[in-house]
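Novice: As a plain string of letters, each chain reads:
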Amino acid sequence: EAQVTQNPRYLITVTGKKLTVTCSQNMNHEYMSWYRQDPGLGLRQIYYSMNVEVTDKGDVPEGYKVSRKEKRNFPLILESPSPNQTSLYFCASSNLPGAPGGYTFGSGTRLTVV
Amino acid sequence: GENVEQHPSTLSVQEGDSAVIKCTYSDSASNYFPWYKQELGKRPQLIIDIRSNVGEKKDQRIAVTLNKTAKHFSLHITETQPEDSAVYFCAAINTGTASKLTFGTGTRLQVTL
Numbered sequence: 007e008a009q010v011t012q013n014p015r016y017l018i019t020v021t022g023k024k025l026t027v028t029c030s031q032n033m034n035h036e037y038m039s040w041y042r043q044d045p046g047l048g049l050r051q052i053y054y055s056m057n058v059e060v061t062d063k064g065d066v067p068e069g070y071k072v073s074r075k076e077k078r079n080f081p082l083i084l085e086s087p088s089p090n091q092t093s094l095y096f097c098a099s100s101n102l103p104g105a106p107g108g109y110t111f112g113s114g115t116r117l118t119v120v
Numbered sequence: 045g046e047n048v049e050q051h052p053s054t055l056s057v058q059e060g061d062s063a064v065i066k067c068t069y070s071d072s073a074s075n076y077f078p079w080y081k082q083e084l085g086k087r088p089q090l091i092i093d094i095r096s097n098v099g100e101k102k103d104q105r106i107a108v109t110l111n112k113t114a115k116h117f118s119l120h121i122t123e124t125q126p127e128d129s130a131v132y133f134c135a136a137i138n139t140g141t142a143s144k145l146t147f148g149t150g151t152r153l154q155v156t157l
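The listed protein sequences derive, respectively, from chains Z and A. Using the working numbering, read the first sequence as starting at 7 and increasing by one per residue. Using the working numbering, read the second sequence as starting at 45 and increasing by one per residue.
Worth flagging that the hints you see were computed from the coordinates, not collected in a lab. The hints are all genuine.
Derived coverage of chain Z by chain A (criterion: at least 3 residues anywhere in the stretch with Cβ under 8 Å from a Cβ of chain A; other residues may be distant):
{"hint": "1", "stretch": "45-53"}
{"hint": "2", "stretch": "89-103"}
Cut-off 27 Å, straight-line C-alpha distance, at most; resulting in silico cross-link-like pairs (DSSO-like, lysine-lysine):
{"hint": "3", "chain 1": "A", "residue 1": "86", "chain 2": "Z", "residue 2": "71"}
{"hint": "4", "chain 1": "A", "residue 1": "86", "chain 2": "Z", "residue 2": "63"}
{"hint": "5", "chain 1": "A", "residue 1": "81", "chain 2": "Z", "residue 2": "63"}
{"hint": "6", "chain 1": "A", "residue 1": "102", "chain 2": "A", "residue 2": "66"}
{"hint": "7", "chain 1": "Z", "residue 1": "77", "chain 2": "A", "residue 2": "86"}
{"hint": "8", "chain 1": "A", "residue 1": "112", "chain 2": "A", "residue 2": "102"}
Examples of chain Z residues lying across from chain A (beta carbon under 7 Å, computed):
{"hint": "9", "residue": "108"}
{"hint": "10", "residue": "111"}
{"hint": "11", "residue": "113"}
{"hint": "12", "residue": "114"}
All C-beta atoms in this analysis are idealised placements derived from N, C-alpha and C, irrespective of residue type, glycine included.
Based on the sequences and whatever the hints tell you, model everything.
Specialist: What follows is the structure in structure tokens.
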């Protein structure tokens, strides 16, 4: 089954404790992206990657890192999480950002930073 | 960059009525406009999309219209059912140059019995 797999689904952590949210896709998509979803703000892009070893900032990259060492994986790293990073995070992939069929989203990771 | 505005933020309709959600975009070069539905606790999923060379597209009870001159596009849901209750997001992109879909802020649709 074609899918984007995110882990974990839920995470509660403390301020400053480094964490990684994993994202993996099995559709051989070149494009992958991370979004955060906050009430009233919609989906805002954090980082994206056009291909292996090619990553770039989105609209809200502060406090986040990513890597794309393999085509299928695109982890999101929070080196020192803060409470304002409490949010719902989605990984997405597609052949191209505007490819027919749009994005395929992962199931989401609800992160709480206390 | 692109900016997408979406209205209304919440919409309540009775079962069987129609629902309309409207979006405007700022970049006249945008040429692809998908709509996503997000049920409670679930991921956004594509329900319909339209390209700028088409003015309207239908898929059963849902339709999308695009007015390139006015830079707005709308989602129409007819004969609404309780399972249509969800958050709907519009998005826009210039597929030639842009690096991401720009999303609207979402519309929470509630279909009441």
